[in-house]
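Asker: Sequences listed follow chains A and B, in order.
In terms of this note's numbering, the first sequence opens at residue 76 and continues consecutively.
In terms of this note's numbering, the second sequence opens at residue 76 and continues consecutively.
Simulated from the structure, these hints should not be mistaken for laboratory data.
Glycine residues also receive a C-beta, built at the ideal position from the N, C-alpha and C atoms.
Incorrect hints may appear among the rest.
What the hints assert, rightly or not - BS3-like, lysine-lysine: derived pairs with alpha carbons at most 30 Å apart:
| # | chain 1 | residue 1 | chain 2 | residue 2 |
| --- | --- | --- | --- | --- |
| 1 | B | K103 | B | K120 |
| 2 | B | K162 | B | K120 |
| 3 | B | K453 | B | K465 |
| 4 | B | K77 | A | K91 |
| 5 | A | K77 | B | K120 |
| 6 | B | K77 | A | K120 |
| 7 | A | K108 | B | K103 |
| 8 | B | K103 | A | K103 |
| 9 | A | K77 | B | K103 |
| 10 | B | K435 | B | K468 |
| 11 | A | K140 | A | K126 |
| 12 | A | K435 | A | K453 |
| 13 | B | K200 | A | K102 |
| 14 | B | K435 | B | K465 |
| 15 | B | K91 | A | K453 |
| 16 | B | K103 | B | K126 |
| 17 | B | K453 | B | K200 |
| 18 | B | K77 | B | K103 |
| 19 | B | K309 | A | K77 |
| 20 | B | K440 | A | K103 |
| 21 | B | K453 | A | K91 |
| 22 | A | K200 | B | K103 |
| 23 | A | K309 | B | K77 |
| 24 | A | K77 | B | K102 |
| 25 | A | K103 | B | K102 |
| 26 | A | K77 | B | K91 |
| 27 | B | K102 | A | K200 |
| 28 | A | K126 | B | K77 |
| 29 | B | K468 | B | K200 |
| 30 | B | K91 | A | K102 |
| 31 | B | K126 | A | K77 |
| 32 | A | K103 | B | K200 |
| 33 | B | K102 | A | K102 |
| 34 | A | K102 | A | K77 |
| 35 | B | K77 | A | K103 |
| 36 | A | K108 | A | K91 |
| 37 | A | K102 | B | K103 |
Unchecked claim - Across the chosen pairs, the derived CB separations fall in these ranges:
| # | chain 1 | residue 1 | chain 2 | residue 2 | range |
| --- | --- | --- | --- | --- | --- |
| 38 | B | K77 | A | G416 | 28 to 34 Å |
| 39 | A | N310 | B | E458 | 52 to 58 Å |
| 40 | B | Y154 | A | Y154 | 54 to 60 Å |
There are 2 protein chains.
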Amino acid sequence: MKDFIYYAPTEVVFGKESEEQVARLVKKYGGHKVLVHYGGQSAIKSGLLDKMCNLLDEAGIEYVKLGGVVPNPRLSKIYEGIDLCRKEGVDFILAVGGGSVIDSAKGIAYGVPYEGDVWDFYLGKDEAQTCLPLACVLTIPAAGSEMSEASVVTNEDGDVKLGYSNDISRPKFAIMNPCRTFTLPPYQTAAGVTDMIMHTMERYFTHDDDMILTTELAEAVMRTMMDSVFAVLKNPEDYRHRAQIMWGGSVAHNGLTGCGVADDWATHQLEHELSGMFDVTHGAGLAAVWPSWARYVYKENVSRFVRFAVNVLGVPNDFSDPEGTALKGIEAMERFYHAIGMPINIHELIGRDITDEEIKEMVRKCSRDYKATQGCFKVLHAEDMEAIYKMAK
Amino acid sequence: MKDFIYYAPTEVVFGKESEEQVARLVKKYGGHKVLVHYGGQSAIKSGLLDKMCNLLDEAGIEYVKLGGVVPNPRLSKIYEGIDLCRKEGVDFILAVGGGSVIDSAKGIAYGVPYEGDVWDFYLGKDEAQTCLPLACVLTIPAAGSEMSEASVVTNEDGDVKLGYSNDISRPKFAIMNPCRTFTLPPYQTAAGVTDMIMHTMERYFTHDDDMILTTELAEAVMRTMMDSVFAVLKNPEDYRHRAQIMWGGSVAHNGLTGCGVADDWATHQLEHELSGMFDVTHGAGLAAVWPSWARYVYKENVSRFVRFAVNVLGVPNDFSDPEGTALKGIEAMERFYHAIGMPINIHELIGRDITDEEIKEMVRKCSRDYKATQGCFKVLHAEDMEAIYKMAK
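So here's chain A without its partners, still in its complex pose (with noise of 0.2 Å):
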């Protein structure tokens, strides 16, 4: 077992009454002057951005907007608001929206009080001593953004996707309220909960497996996705479902299903690339990856694979033959993920066959010019990365 640490200082408020909370908790973590920063037109078309403007204006809580932040969110956006906080005075950013808008309003945190080039960051050339306080109202559960210490932004120049992570951008506070989640069309449902579910599987595939409780709330998080999202579905205003989702996928990613555990983040690697490339839905480029990235690695930790099988996705345990039950798993997760509208390849991401060519440029990217490996579970080098890639094809 590794040592940890476990931090998610972020103040959850969650529920149907929650919204109504937001100018006592911007003022509780000391905002004064408020970036409201959000992506296109839900949260306009919803009222919600309408009614936070209100309360903060009720309150008398100054504040200048900022909308436009686009799925993967463009390093751009990120300059155009350091700049209109800069000129504005702002001491305090609320994101409302799902991760894309989030990440936006971490990467503007970061650059406000830095002299450099907040790009920096993402590129491990600096690290940020210092940012502006930020809080969240969520609108998609699926990035964990809300409680994590990550982001993840695209450099257009270069289509380049990379991801930061530092404590001190953690959100302040987080409101959510599961109805806000009740009109996400059922892709974006189940991108979203293929998102969270990874984030727990990313820690879940570990050699660090004497960790017994991080192990159980981590399959207790499984089971309760897999099992509300065909729910959601088949009723998208299922409170209770929905309710769920949302604080599931907070608890996938503030760090408590990663205690005592080397974490991987391949899958997620080798899923950036793809949406760096094609533009696709993360929680979907993480479908079509996984099951190759599974077979490709299951053997070096067999057991685990077979825990996985049995207590997140209820395959009967054949103790005879442990690879048998291992497989069995990675095939069942196959199905659930086809039984909510997900790929699991890239063909059927995509639409169509990948080229080797563009297989050979997410190599390099993902192995940053075949200088650098991903994962841990098993240490994937660049051709291990390529033949992933082309089982996956």
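Got chain A; can you put chain B on it based on the hints?
Answerer: Here is chain B on its own, set in the frame of chain A:
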């Protein structure tokens, strides 16, 4: 499902190398002059107290020491600590010990900046607006005070034991080294595990059984604790299972297992009178009371007790007889208590019959002179409390 707030900002630093970080953490959270607060001889004999003081010395952090905290911590020690902190200009409290030491530290932290009597908070006469920052080096996993907002103090003047909860008292950091728990005697180990499981049971037995994820997480915590306690009673230096218990004690009481549900706490309240009157170990007192509470209330929500029996204790589900399954779960819990050396009634707890006068006195205190009720799974009036104490004789 209830709306909820989840807020657990404590930075947990967990593992074999965690103690080395104490000075860095005190500085990170703004400490310049520290009160090192501790209990009896064990922190001295183990060398932990000296180690902490040496690390503070090396980092140039000033400190004063105050020991002598006893189980069921006393108000008089808190007054002593408040005086010392004021005299010495202390701005940070470091509790080195278990729940009693941390609870005593919380009392001192509330009291130092407060002009009135700190006992007013526990009496419900006032709310603390501010307190000194505090942190802990945990040596006894049980109370969960290392991440919680709660503290319980005994006023010797009248033998009154009262709790007070306020988010501002949550420890800034908690250092947890499972090796420090190797020397815990079996009785204290078992009582600690009983206490931590009960922290989750107090939230598990609820009418809000639509909160699936919380239920699943709670069951994961309880199963893991019940499994690990046998391993450490057999081999006290089993790091793996000591670690499950240490981390489990925090997860059981940091709010995670109560998200979205109404918590009960009647068993805790009934026990507080027992340990107030007989100065018994809190965890043992809980085990002595719970089976009688359970038999008195289980009909309020039989299916919850069935789920507990099946998912936590492994009782086969007799679908034709839910009440029978529920009762078998309570019996299985009694066998668990006995197997780890805990009592299941008051006679086993105090070694003699309790008198009717003693029960009357406990009922009077627990009902605050017949004016208050306890719990919500079934609301307990004075006559219910008396009935449960008599069942538990």
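Asker: Could you tell me which of the hints above the structure violates, numbers in ascending order?
Answerer: 18, 20, 29, 30, 34 and 39
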